[in-house]
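Novice: If you're matching them up, the sequences are chains X and H in order. For the first sequence, the residue numbers in this note's numbering are 1 to 205. For the second sequence, the residue numbers in this note's numbering are 1 to 205.
Source of the hints: derived by calculation from the structure; they are not laboratory data. Keep in mind that the hints are not guaranteed to be accurate.
Identical copies go unnamed one by one, so any copy, or any two together, can satisfy a pair.
[What the hints assert, rightly or not] Below are the DSS-like pairs computed for lysine-lysine, each with C-alpha atoms no more than 25 Å apart in a straight line:
1. 57 / 29
2. 57 / 107
3. 107 / 64
4. 165 / 57
5. 172 / 29
6. 107 / 29
7. 57 / 172
8. 172 / 107
9. 29 / 165
Quick caveat: nothing in here was measured; it's all calculated off a predicted structure.
Listed below are the residues making up each chain.
Number of protein chains: 2
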Amino acid sequence: MYVMNNEYPSAALERAVSEFASLPGIGRKTALRLVLHMLSRPDREVEEFGRVMESLKRDIHYCKVCHNISDTDVCLICANPRRDSSTVCVVENVQDVMAIENTMQYKGVYHVLGGVISPMNGIGPSDLQISGLVERVEAGGVTEVILALSPTMEGDTTNFFISRKLSHTGVKLSVIARGVTIGNNLEYADEVSLGRSIVDRTLYN
Amino acid sequence: MYVMNNEYPSAALERAVSEFASLPGIGRKTALRLVLHMLSRPDREVEEFGRVMESLKRDIHYCKVCHNISDTDVCLICANPRRDSSTVCVVENVQDVMAIENTMQYKGVYHVLGGVISPMNGIGPSDLQISGLVERVEAGGVTEVILALSPTMEGDTTNFFISRKLSHTGVKLSVIARGVTIGNNLEYADEVSLGRSIVDRTLYN
């Protein structure tokens, strides 16, 4: 045989490709493209990229109140006296916090679960920050908990679990509105959302 | 204002997102997803990822003969006595070497240019390994140079430039065949390739 046994011409190259390909949504072809892009960049930049990744898990901290990613012990939202700490919005992850912050419609605080209950993926209630939420409500000062999880089977299961865990506290529980999306033609709305939008109609005023 | 001034809840998070977003084809949303994925992985794996990237440019070497990526001074293809070193296939980059190797149709050696002449992107002949190719042919022992660059304007320009630089050596110059792609219906072939396939028809035997 005159062809190479190995797919890659270099073990160092293959190692770097494998590292990139270990990321979600990045296949080996894309990974190779990324590595070759790296090789075309200045040494300093590539080393900096490596250093940031190496110390990533040491550099990132979580707010001890809401479990959002934070540079400080208590995150900027929880520490902000202008935020209404009596309203707690329960979300899945940091992206959801950022999405809700971007709406500029919410002035309460958050509680980041770190996921939703998903037996298929082996994620049970104990893998999430649910007991921390219960303790937070039990400690007093919280008047409303808003459930803002994804409107999926897993999200609904998690909502139900949390509602049972909080039932003894008597806290007001709400869930974000489900209905037709704004800006889309009604004929393209899915049946379930359209049905829900009729049942949950609000007063026009 | 009760909303955050900063898009990201943490400077460490933002730094890591920026690093990923500096890669081609990765936007800030994907970058955030990649960072959060990293945070869900074991410390050891994330640190290893960082270390591999940090030392990437030190770990990767280039073959001093063909400029392909290699772990050794002379790459495995150039060092293989079963490869025909009198035939040199000129390619743009390491992906093209891998693609041609995968065909298992080539037993010669390579010369990796590191790109093609592209005035639009500020890449001139001196940015490519063209003088090295000329020296290689001038040194003797090479009987044929196969031009296997992309069939684009830039590739054709580079082919023309190389052919002029090599004209005094008298080496046999060939270019990979252009025509209709195999396995596709003829009605979907583009006019230029179809036209070329008629002009460059080969004997049916």
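Novice: Determine for every hint whether it applies to the structure shown.
Specialist: These are the hints, each one checked on the structure:
With identical chains, the CA atoms of residue 57 and residue 29 are at most 25 Å apart between copies only, with a shortest distance of 19 Å across copies and 27 Å within one. With identical chains, the CA atoms of residue 57 and residue 107 are never at most 25 Å apart, being 29 Å at best within one copy and 47 Å at best between copies. With identical chains, the CA atoms of residue 107 and residue 64 are at most 25 Å apart within one copy only, with a shortest distance of 19 Å there and 62 Å across copies. Taking the closest pair of Cα atoms, residue 165 and residue 57 never come within 25 Å of each other, the shortest separation being 31 Å inside a single copy and 53 Å across copies.
For a Cα distance limit of 25 Å, the shortest separation of residue 172 from residue 29 qualifies neither inside one copy, at 51 Å, nor across copies, at 34 Å. For a Cα distance limit of 25 Å, the shortest separation of residue 107 from residue 29 across copies, 24 Å, qualifies, whereas the shortest one inside one copy, 44 Å, does not. Proximity of residue 57 to residue 172 under the C-alpha cut-off of 25 Å is found in neither arrangement, the shortest distances being 36 Å within a copy and 57 Å between copies. When the C-alpha separation of residue 172 and residue 107 is checked against a cutoff of 25 Å, the pair qualifies only within one copy, where the shortest distance is 17 Å, while the shortest distance between copies is 75 Å.
In this assembly of identical chains, the alpha carbons of residue 29 and residue 165 never lie at most 25 Å apart, being 47 Å within a copy and 34 Å across copies at closest.
The structure fails to meet hints 2, 4, 5, 7 and 9 from the earlier list, while all remaining hints are met.
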